[in-house]
Amino acid sequence: MGELGDRMRHWVYGFALFGAAALFAGCGNVMFMTDGNLALNFDPPSKDAFIVHDPTPPVMQRFAAQEAAATASDPNARSGANCAGGVCTIF
Amino acid sequence: MWKRLVVASMCVIGTVSVAQTPQVEISLRPQFELNNHIEFGISIDPSTVPQSRESSQLSGSRTALVADVASAVETGRFSTRLNVSPTLENYSGEGGFLDQFDAQRIPANLTLTYDAAGSLPSVRVNGGAIRLERDAPIYDVWEPYVGIGIGELLSYEYRRRAFDDAEEREDYLLIDSTRHTGRAAFRVSFNDETRLDTSAQLQRETYARNLSPLLYTAIGETSDFQREDTRRNVRVALTRVVADSLLAQIGLNGLWSRSNSRFYEFQSTDATFVAFWSSEDRRWVRAQFARGWIDFDGRTFSETFGGERHPRRDRQWRAGLSSEWGLTGAISLTAAFDATQNKTNDTREVFDFLNYTQTITTVGMTARY
Chain A
267 MGELGDRMRH WVYGFALFGA AALFAGCGNV MFMTDGNLAL NFDPPSKDAF IVHDPTPPVM
327 QRFAAQEAAA TASDPNARSG ANCAGGVCTI F
Chain B
57 MWKRLVVASM CVIGTVSVAQ TPQVEISLRP QFELNNHIEF GISIDPSTVP QSRESSQLSG
117 SRTALVADVA SAVETGRFST RLNVSPTLEN YSGEGGFLDQ FDAQRIPANL TLTYDAAGSL
177 PSVRVNGGAI RLERDAPIYD VWEPYVGIGI GELLSYEYRR RAFDDAEERE DYLLIDSTRH
237 TGRAAFRVSF NDETRLDTSA QLQRETYARN LSPLLYTAIG ETSDFQREDT RRNVRVALTR
297 VVADSLLAQI GLNGLWSRSN SRFYEFQSTD ATFVAFWSSE DRRWVRAQFA RGWIDFDGRT
357 FSETFGGERH PRRDRQWRAG LSSEWGLTGA ISLTAAFDAT QNKTNDTREV FDFLNYTQTI
417 TTVGMTARY
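If you read the protein sequences in the order shown, they are chains A and B.
In this text, residue positions in the first sequence follow the working numbering: the first is 267, and each later residue adds one.
In this text, residue positions in the second sequence follow the working numbering: the first is 57, and each later residue adds one.
One or more hints might be untrue.
Taking beta-carbon pairs under 10 Å as the criterion, some of the chain B residues facing chain A (in silico) [said to hold, decoys possible]:
#, residue
1, G205
2, F242
3, A299
4, Q305
5, W333
6, E336
Pair ranges (Cβ atoms, derived) [claimed, not checked]:
#, chain 1, residue 1, chain 2, residue 2, range
7, A, P324, B, L144, 31 to 39 Å
8, B, L90, A, A335, 20 to 28 Å
9, A, P324, B, A192, 42 to 50 Å
10, B, E364, A, A334, 41 to 49 Å
11, A, A335, B, R404, 39 to 47 Å
12, A, A335, B, G363, 43 to 51 Å
Chain A is nowhere near these chain B residues, computed Cβ spacing over 10 Å in every case [to be verified]:
#, residue
13, T167
14, D280
15, S358
16, R365
17, W381
18, L389
19, F393
What the hints contain is simulated information worked out from the structure, not anything from laboratory work.
Beta carbons: idealized from backbone N, C-alpha and C, even for Gly.
When you get a sec, could you build the whole thing from the sequences and use the hints?
Next comes the structure, spelled out in structure tokens:
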């Protein structure tokens with residue numbers, strides 16, 4: 267799956283170029299959201315502010331909270347062994 | 057030791073509260089879990105663990121009690137948050153073999169945040185430690201860490217793992233290490249309902265030298281070898297709100313692990329799909345499906361003596377369903393079911409234990425104060 271990894275890297279580079287192009291074309295604003303994320307926003311609530319409140323739908327807020335709690339209780343982290351990317355076995 | 061830690065936590069919270077009345081949150085989370093493939097590093101290796109020679113899958117149950125204590129104080133532009141979550145775990149199964157993994161775990165974290173309020177993103181400094189003790193003392197470990205971050209844009213963390221008896225024992229996986237992790241994240245927000253989150257992480261981990269002599273032989277290194285790994289992780293996730301209470305996410309995660317020993321080099325790629333339903337706080341259902349590809353660059357095998365060598369490839373299917381359902385303002389029930397199927401292309405019989413299906417079923421409750 268080295269090919270998949272290479273393809274993924276190309277997608278990431280492509281998104282980065284897309285974002286830069288959109289920014290220069292004036293299609294979006296880069297701003298900090300109040301949840302701490304730096305975002306390229308194509309539908310910003312305010313075009314002048316540097317930090318804006320993100321009108322996130324409630325279901326998305328609850329999803330983010332659940333994901334944060336799940337990460338903290340990762341079973342691989344409980345084992346006490348050194349694991350990398352979920353690959354805990356030595357074989 | 058438990059009583060001393062709880063009293064110490066209360067003292068710290070009390071001291072912090074002198075300047076301003078803190079917000080204190082306490083929750084208790086009892087859990088019961090059934091797991092048919094418990095892994096603790098070497099525990100599933102049939103050549104090293106007698107119990108695994110009859111069955112390469114160790115089955116058992118885990119009963120846990122988690123107490124979350126959190127205190128937060130705001131003073132002007134500064135906020136302080138202290139989290140302590142002592143946990144007791146009891147394992148049962150395999151004729152008492154799993155009793156050695158019974159554990160007491162105490163994570164503690166202090167976070168200081170400076171909020172510039174409209175002119176700059178918040179700056180966060182945090183530090184903490186995790187203390188883990190099991191009945192089998194080889195697992196006893198301290199894990200202190202410190203970190204700094206600017207919003208979710210940039211962050212750095214230093215973390216150390218120090219096993220109690222590292223100077224006396226040789227091991228396969230329970231090795232002291234020092235880890236540096238840097239992370240950057242960026243979001244593309246198409247509208248209120250659709251966003252693309254990306255993140256990139258660079259991690260460098262250096263290990264101690266008390267590897268087992270068998271492992272030095274297996275990886276072709278001398279006894280003074282010190283393992284150093286560099287890992288790059290990239291994640292992309294597209295999230296869209298489908299209806300008022302329904303959300304879907306597709307994601308791709310790639311991990312490239314490089315090492316000064318080819319034995320530890322691998323690439324891991326995961327594709328995930330998540331559906332999430334929630335109509336109100338503390339009532340949600342989550343379904344997740346994932347496909348994983350793990351390629352070990354430096355581990356090859358041949359099916360016949362002297363035959364062509366093939367690089368090892370593992371493939372995984374994963375599915376999970378989890379939920380929380382609030383009964384009252386303070387009590388909610390939790391449940392989760394996860395299944396993982398792992399297949400390897402290594403056809404040697406001694407590695408057949410890598411072909412397995414794991415199921416984990418967990419039920420629990422959360423009581424909040």
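Right, here's what the structure says about each hint:
Residue-level restraint check for G205(B) holds (minimum Cβ-Cβ distance to chain A is 8 Å; threshold 10 Å). Interface restraint check: F242(B) against chain A, minimum CB-CB distance 6 Å, threshold 10 Å, status holds. Checking A299(B) against chain A: minimum C-beta separation of about 8 Å stays under 10 Å; hint holds. For Q305(B), the suggested interface contact is upheld, since its CB lies about 8 Å from the closest CB of chain A, less than 10 Å.
A least Cβ separation of about 8 Å between W333(B) and chain A falls short of the 10 Å threshold, and the interface hint therefore holds. The beta carbon of E336(B) comes within 8 Å of a beta carbon in chain A, closer than 10 Å, and the hint placing it at the interface holds. Judged by the Cβ atoms, the range 31 to 39 Å given for P324(A) and L144(B) holds: they are separated by roughly 35 Å. Between L90(B) and A335(A) the beta carbon distance is about 21 Å. The supplied range of 20 to 28 Å therefore holds.
Separation of P324(A) from A192(B) is about 45 Å and conforms to the stated range, judged on CB atoms against 42 to 50 Å. Take E364(B) and A334(A): their Cβ atoms lie about 47 Å apart, and the range 41 to 49 Å holds. For A335(A) and R404(B), the Cβ-Cβ distance of about 41 Å falls inside the hinted range of 39 to 47 Å, so the restraint holds. At roughly 49 Å, the beta-carbon separation of A335(A) and G363(B) lies within the given 43 to 51 Å, and the hint holds.
With a closest Cβ-Cβ approach of about 13 Å to chain A, T167(B) is found to remain outside the 10 Å limit, as its non-interface label requires. Distance to chain A confirms D280(B) as a non-interface residue, since its nearest Cβ pair spans about 20 Å, more than 10 Å. Listed as outside the interface, S358(B) is consistent with that label: its C-beta sits roughly 16 Å from the nearest C-beta of chain A, beyond the 10 Å cut-off. For R365(B), the non-interface assignment is confirmed: its Cβ lies about 16 Å from the closest Cβ of chain A, beyond the 10 Å cut-off.
Listed as a non-interface residue, W381(B) keeps its Cβ farther than 10 Å from every Cβ of chain A; the least gap is roughly 13 Å. Once the 10 Å rule is applied to beta carbons, L389(B) is consistent with being away from chain A; the minimum gap is 15 Å. Once the 10 Å rule is applied to beta carbons, F393(B) is consistent with being away from chain A; the minimum gap is 14 Å.
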